[in-house]
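*Asks:* Here is what each chain is made of, one letter per residue.
Number of protein chains: 2
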Amino acid sequence: MSDTKQLIVGVDVGGSKINAILADAGGNIQARNSKDTLAYEGPEAVIGRIIEAISQLTSGVDIAGIGIGVAGAHDADRGAVAFSPNMPGWHNIPLCDIIRREFGLPTFSQNDCTLAALGEHRFGAGVGVDNLVYVGLGTGIGGGVIADGQVYTGTSGAAGEIGHMIIDVNGSLCKCGSYGCWENFASGRAVAQEAVRRMEAGVPTAIRRYAGGDINKVTAQTVFQAAQDGDYIAHELISSTAYYVGIGLVNLVNIFNPDLILIGGGLAKMGSLLLDPAIEVVRERAFEISAKAVRVELAQLGDDAGALGAVALVLQEI
Amino acid sequence: MSDTKQLIVGVDVGGSKINAILADAGGNIQARNSKDTLAYEGPEAVIGRIIEAISQLTSGVDIAGIGIGVAGAHDADRGAVAFSPNMPGWHNIPLCDIIRREFGLPTFSQNDCTLAALGEHRFGAGVGVDNLVYVGLGTGIGGGVIADGQVYTGTSGAAGEIGHMIIDVNGSLCKCGSYGCWENFASGRAVAQEAVRRMEAGVPTAIRRYAGGDINKVTAQTVFQAAQDGDYIAHELISSTAYYVGIGLVNLVNIFNPDLILIGGGLAKMGSLLLDPAIEVVRERAFEISAKAVRVELAQLGDDAGALGAVALVLQEI
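Note that the protein sequences, when read in sequence, are chains A and B. The numbers in the working numbering rise by one with no breaks, and the one at position 218 of the first sequence is 329. The numbers in the working numbering rise by one with no breaks, and the one at position 209 of the second sequence is 320.
One chain only, chain A, in its complex shape (with noise of 0.2 Å):
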């Protein structure tokens, strides 16, 4: 950037939040603005959304551009959201062109985790790492790759949809259409379906108690919280999980040999909980000259990965 007083809006469209940040070069965050994604009511709702937030954000401001991803298969020729299964209706939208016309400002779109793994690389804990794949275990499993030091996004920029590798040849049907894919058994919604399949079978747990009574409540979150505090049911199922999380993570090791697997999302919240189980996962099965050059660790950015690899995109656009 020629002038180093512009500052970059960074947003990361999730399945349940949008979080527009606005930052510096050296990615230190100056505002926030997050709004409920509110994602059933279709892409026009949530694109409104997106920009009222970037709107209130950079109102007044001297902007040098705008960086945005979203929970899905980015097409990377269009600077479209080709498809996301976690996001209702959203099927080749031009997100990018239509930010760039409603602002008039250099912008620039990817997916939500290559984005996540590219702001880890640059501001976090995959700082001067060569091989980092980033894990976002959040509503579905997202993925980013920085191979050989540079963020990978394959041919379309579709690259990294690691969530849809197929894990069980004979598993039951996935919202990508598929069957057997690895986010229908390590996700948040895979976690809170299994909790609530349990519940259902009368299965006695804490769990609805943590969801206010309501089973149409139950989410990942309050598994870990009834967890937490003992229930054994909850207990059990992030174990499980864990145990999943981890034989996806052995493919990863496997095929991309990395120095570095962070896992963000917000299953990372679960901690070592969910991480212990998966790494053992990791050492017992993956090949050995693999599994002992990996660090499996948790995403240092936490909710702000994605926004601030938005804003790290910027920079390397620009």
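Honestly, the hints are just simulated from the structure, not real lab data. Among the hints, a few may not be true.
Just so you know, same-sequence chains aren't split out, so a pair can sit in one copy or run between any two.
In silico lysine to aspartate or glutamate, EDC-like type, Cα no more than 20 Å apart, as pairs [as the list claims (entries may be wrong)]:
hint	residue 1	residue 2
1	K403	D370
2	K380	D188
3	K286	E399
4	K380	E391
5	K286	E395
6	K403	D188
7	K328	E399
8	K128	E391
9	K380	D342
On a predicted model such as this, the values are computed, not experimentally measured, just so you know.
Here the structure of chain A is known, so what remains is to put chain B in place on it, guided by the hints.
*Replies:* Showing chain B alone in chain A's frame:
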């Protein structure tokens, strides 16, 4: 190279054959020498045969360097074969050093399928392609990755072990020590084992005849021959294998969003009988944007891909 008249040795050590070639900098093969690996005799005997193969090829020839690939996880720091599921006894064997000392020439090593990817990228079907995954469907399954035009080998040199993606979380033991690996479903060994299992169960098939009446001599190749001659069970075995090949390809397409997947190894000889149904699975189950972007084709350099990749590695390093 300073002297273009110098030639390069490329050696590919596979589970069944040692393929050594002598080539110029354009990848033109000037001479070749192959030997049975006889892997069951252990590393010392195999290394003896590798040295013999190279000696016979290089006698009286001006050699610039030697490149060598082995079917197994590669340890870049030590130029060693860290572990090879299909080569008994290969555990931390410093092959590169042994060959360098034997011949006193610049010597470089890598995993065989990583070299096949490099070979196809430099001299074969992958020339000019930025993002390429080579899938070696042999006795086991190996892989090699070109990412953004560069060979990707990961942190220790052991990346690309795609055969050990878990595709069946409830699957049976793999030679690598894990369970449910892709290699258990879609390799030459898997085809032969499933054929034998059915024959032992008394299923009527002509496969035995193609193995000279000896059930112990059934290979993927004999199954293919029987299928070509109209044997129903053989045909069904190949269809089922093709389905499982497709499942692994879905994962690679979602993870890498590559321009090109090249299918090599012994099973590639089955051609469209294997490839067409596998591609169908990719079209049905991978993310649409990535499924549309990828071409899935047979490797072009055939059995020489690894050895030519070893030549390319020497050209890259010296």
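*Asks:* Decide, hint by hint, whether the structure agrees.
*Replies:* Here's how the hints hold up against the structure:
{"no.": "1", "hint": "K403 to D370", "in the structure": "within (10 Å within a copy, 31 Å between copies)"}
{"no.": "2", "hint": "K380 to D188", "in the structure": "neither (35 Å within a copy, 36 Å between copies)"}
{"no.": "3", "hint": "K286 to E399", "in the structure": "between (34 Å within a copy, 13 Å between copies)"}
{"no.": "4", "hint": "K380 to E391", "in the structure": "within (19 Å within a copy, 39 Å between copies)"}
{"no.": "5", "hint": "K286 to E395", "in the structure": "between (30 Å within a copy, 14 Å between copies)"}
{"no.": "6", "hint": "K403 to D188", "in the structure": "between (38 Å within a copy, 13 Å between copies)"}
{"no.": "7", "hint": "K328 to E399", "in the structure": "neither (42 Å within a copy, 32 Å between copies)"}
{"no.": "8", "hint": "K128 to E391", "in the structure": "neither (32 Å within a copy, 37 Å between copies)"}
{"no.": "9", "hint": "K380 to D342", "in the structure": "within (18 Å within a copy, 56 Å between copies)"}
Violated hints, in rising order: 2, 7 and 8; the structure is consistent with all others.
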